[in-house]
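Novice: Listed below are the residues making up each chain.
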Amino acid sequence: MKIVENMKIITQKEIAKNIFQLVLQGDLVQKITGPGQFVHLKTGEGTDPLLRRPISICEYSREKNQMTLIYRAQGRGTILLSKKRQGEYINVLGPLGNGFPVHDLDEGKQVLITGGGIGVPPLYELSKQLFSKGIRVTHVLGFQSESTAFLYEEFRKMGDTFVATDDGSMGIKGFVTDVIVQENIPFDRLYACGPVSMLKTLAEKYPEKEVYISLEERMSCGIGACFACVKKTVNKADEKGYRKICSDGPVFAAGEVIL
Amino acid sequence: MSKMHVSLPGLELRNPVMPASGCFGFGREFAEFYDLSILGAIMIKATTVEPRFGNPVPRVAETPSGMLNAIGLQNPGLKKVMEEELPWLSRFDVPIIANIAGSTIEDYVEVAREISKAPNVYALELNISCPNVKQGGIAFGTVPEVAKEVTKRVKEVSEVPVYVKLSPNVTDIREMAKAVENGGADGITMINTLTGMRIDIKTEKPVIANVTGGLSGPAIKPIALRMVYEVSQTVKIPIIGMGGIMTAEDVIEFFYAGADAVAVGTANLIDPMACPKIIRDLEALLDEMDIDHISELTGRSWKNEKTRYHCP
Numbered sequence: 001m002k003i004v005e006n007m008k009i010i011t012q013k014e015i016a017k018n019i020f021q022l023v024l025q026g027d028l029v030q031k032i033t034g035p036g037q038f039v040h041l042k043t044g045e046g047t048d049p050l051l052r053r054p055i056s057i058c059e060y061s062r063e064k065n066q067m068t069l070i071y072r073a074q075g076r077g078t079i080l081l082s083k084k085r086q087g088e089y090i091n092v093l094g095p096l097g098n099g100f101p102v103h104d105l106d107e108g109k110q111v112l113i114t115g116g117g118i119g120v121p122p123l124y125e126l127s128k129q130l131f132s133k134g135i136r137v138t139h140v141l142g143f144q145s146e147s148t149a150f151l152y153e154e155f156r157k158m159g160d161t162f163v164a165t166d167d168g169s170m171g172i173k174g175f176v177t178d179v180i181v182q183e184n185i186p187f188d189r190l191y192a193c194g195p196v197s198m199l200k201t202l203a204e205k206y207p208e209k210e211v212y213i214s215l216e217e218r219m220s221c222g223i224g225a226c227f228a229c230v231k232k233t234v235n236k237a238d239e240k241g242y243r244k245i246c247s248d249g250p251v252f253a254a255g256e257v258i259l
Numbered sequence: 001m002s003k004m005h006v007s008l009p010g011l012e013l014r015n016p017v018m019p020a021s022g023c024f025g026f027g028r029e030f031a032e033f034y035d036l037s038i039l040g041a042i043m044i045k046a047t048t049v050e051p052r053f054g055n056p057v058p059r060v061a062e063t064p065s066g067m068l069n070a071i072g073l074q075n076p077g078l079k080k081v082m083e084e085e086l087p088w089l090s091r092f093d094v095p096i097i098a099n100i101a102g103s104t105i106e107d108y109v110e111v112a113r114e115i116s117k118a119p120n121v122y123a124l125e126l127n128i129s130c131p132n133v134k135q136g137g138i139a140f141g142t143v144p145e146v147a148k149e150v151t152k153r154v155k156e157v158s159e160v161p162v163y164v165k166l167s168p169n170v171t172d173i174r175e176m177a178k179a180v181e182n183g184g185a186d187g188i189t190m191i192n193t194l195t196g197m198r199i200d201i202k203t204e205k206p207v208i209a210n211v212t213g214g215l216s217g218p219a220i221k222p223i224a225l226r227m228v229y230e231v232s233q234t235v236k237i238p239i240i241g242m243g244g245i246m247t248a249e250d251v252i253e254f255f256y257a258g259a260d261a262v263a264v265g266t267a268n269l270i271d272p273m274a275c276p277k278i279i280r281d282l283e284a285l286l287d288e289m290d291i292d293h294i295s296e297l298t299g300r301s302w303k304n305e306k307t308r309y310h311c312p
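Here the protein sequences line up with chains A and B, keeping their order. The first sequence: position 150 = 150 (the numbering used here), numbered continuously. The second sequence: position 26 = 26 (the numbering used here), numbered continuously.
Since the hints were derived computationally from the structure, they do not count as laboratory data. Honestly, I wouldn't trust all of these hints.
Said to hold, decoys possible - Keeping only pairs whose Cα atoms sit at most 30 Å apart, straight-line, the calculated DSBU-like set for lysine-lysine is: (1) K231(A) / K205(B); (2) K79(B) / K83(A); (3) K232(A) / K79(B); (4) K31(A) / K8(A); (5) K202(B) / K236(A); (6) K84(A) / K277(B); (7) K236(B) / K2(A); (8) K202(B) / K231(A); (9) K236(A) / K236(B); (10) K236(B) / K178(B); (11) K17(A) / K205(B); (12) K109(A) / K205(A); (13) K202(B) / K31(A); (14) K13(A) / K202(B); (15) K80(B) / K231(A); (16) K178(B) / K232(A); (17) K232(A) / K277(B); (18) K277(B) / K240(A); (19) K277(B) / K8(A); (20) K83(A) / K17(A); (21) K240(A) / K117(B); (22) K231(A) / K79(B); (23) K3(B) / K277(B).
For clarity, every value in this text was computed on a predicted model and none was experimentally measured.
From just these sequences and the hints, can you work out the full model?
Specialist: Structure, rendered in structure tokens:
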């Protein structure tokens, strides 16, 4: 169930260049159903900025009634958000969307988690939950450079973690797809979130595997009413012929929608 | 009778606040947040004869105190709306105003004839002002003779009163209003969005895939108010005013300008609870203002001084 709540800022800090980690507390956390869901935040008071900003949930704890968001401050809304301080409140709508499927995974399966840039955060809770189920997880994370990289140590606690950077300042120089080939990483299922080009490459490269991807798009309502974030289905015979990223996704099986 | 109750052609509204077409889908998403029966009415998403997918993404962009959209009338088509959406909405005690759109006059006539038969549709809203579809649409909303003709033809087949939604993208909106009144319109809804655009300074290209989109939100409220002010002094038929309404105070402003009821659009996309909040605040505000009935407020900005200071 979705709610609108003023959530309290427990901490906010810059953990990499322009990358902020925000911990919020409130009852909305109790409504989260799994990793990969997102929330829709008001970044300021009044009517400018007008629209909410969709941000994925990076980690949550029902016991503490807290969730962690990691976002990049790059536009007017997210820069305003980054200036909010501990003790202030943020108006949050959520939890929204459907997360990554985790319950259908058998114990013996090998999982590869691949994230690019600001697509990395929702994969963290996913990895934590898979790890606690005893599933073997390997991570491949892509960043622009070492200065914008984050969560590397945290992911390492859950399994082998490889990094690719555009400039080679951390891990290998190149793309996450290069790492998967180079390291010859075996997997049955792949979860990915990041730039569309990365998701497209992964989906095309591993048609025989179970691949789940998390998408983003410019949104307004976040609840499926406005039809702003629509993708066509691959299957032309599909009854609706489209999916809404906010309410049908943001996670889809590769091959469900046209990227 | 409640001070919020409003009577309009075909419509007995428990309060004058309704969600605007295109900002509320067919109500399903909002029913998760509140009982839709508290609304004055619901203007459902524009319905066309055939299903429409709409425009490529990005379909929305933020602007100062506003937003641009170019959804492109995505909807499941007349058949699905008749068989699934309207029956689903019938669980709520709320009149439906069916927004209808098309590329030809025949399209409008076909949708009007069928959808006006639905038991919970109490009025039609003729969408002759969508700025985001290339064929027809806007032409119906910018040429007075064409607007009059489509209104007339729809009136001939509709079993319920017909409201016409006016476009602000014209030189003189009063001419359009007069034309649809002469065509037999029972009421006017106004305004639709203003055509605008944004350009990405990195890519040098328009942000919206459709290039242009319709501007909505608080940014357009002054324009909407000016136009309601003008039109309400030009025609005799009632006006459902809209354009950037976010608060109960905004509702009062639209009434003073000349509106008989209001619709809330973009606010629903920011806060799913926008309509219930505005309704609750409006009732409290009327009490505070010591107003017997909200209809007393209509046109006070231009009606004579006596009316203006009339105290019960």
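Novice: Does each hint fit the structure? Answer for all of them.
Specialist: These are the hints, each one checked on the structure:
1. K231(A) / K205(B): 21 Å, holds
2. K79(B) / K83(A): Judged against 30 Å, a Cα distance of about 50 Å means the pair is violated.
3. K232(A) / K79(B): Since the Cα atoms of K232(A) and K79(B) sit roughly 21 Å apart, the hinted pair holds (cutoff 30 Å).
4. K31(A) / K8(A): 16 Å, holds
5. K202(B) / K236(A): Not satisfied, since the Cα-Cα distance of roughly 34 Å exceeds 30 Å.
6. K84(A) / K277(B): Holds - the C-alpha atoms of K277(B) and K84(A) are around 26 Å apart, at most 30 Å.
7. K236(B) / K2(A): 44 Å, violated
8. K202(B) / K231(A): 24 Å, holds
9. K236(A) / K236(B): Given pair K236(A), K236(B) is violated - Cα atoms ~49 Å apart, limit 30 Å.
10. K236(B) / K178(B): 9 Å, holds
11. K17(A) / K205(B): Given pair K17(A), K205(B) holds - Cα atoms ~27 Å apart, limit 30 Å.
12. K109(A) / K205(A): Given that 30 Å is the threshold and the Cα spacing comes to 20 Å, the pair holds.
13. K202(B) / K31(A): It is violated: about 38 Å lies between the C-alpha atoms, which goes past 30 Å.
14. K13(A) / K202(B): 28 Å, holds
15. K80(B) / K231(A): Roughly 20 Å between the alpha carbons, so the hint for K80(B) and K231(A) holds.
16. K178(B) / K232(A): Cα-Cα ~41 Å, so violated.
17. K232(A) / K277(B): Violated, at about 35 Å.
18. K277(B) / K240(A): 33 Å, violated
19. K277(B) / K8(A): The hint holds at about 22 Å.
20. K83(A) / K17(A): Between K83(A) and K17(A) the Cα gap is close to 15 Å, so the pair holds against 30 Å.
21. K240(A) / K117(B): Roughly 25 Å between the alpha carbons, so the hint for K240(A) and K117(B) holds.
22. K231(A) / K79(B): The given pair, whose Cα atoms are some 23 Å apart, holds under the 30 Å limit.
23. K3(B) / K277(B): 17 Å, holds
In this structure, the earlier hints numbered 2, 5, 7, 9, 13, 16, 17 and 18 are contradicted, and the remaining ones agree with it.
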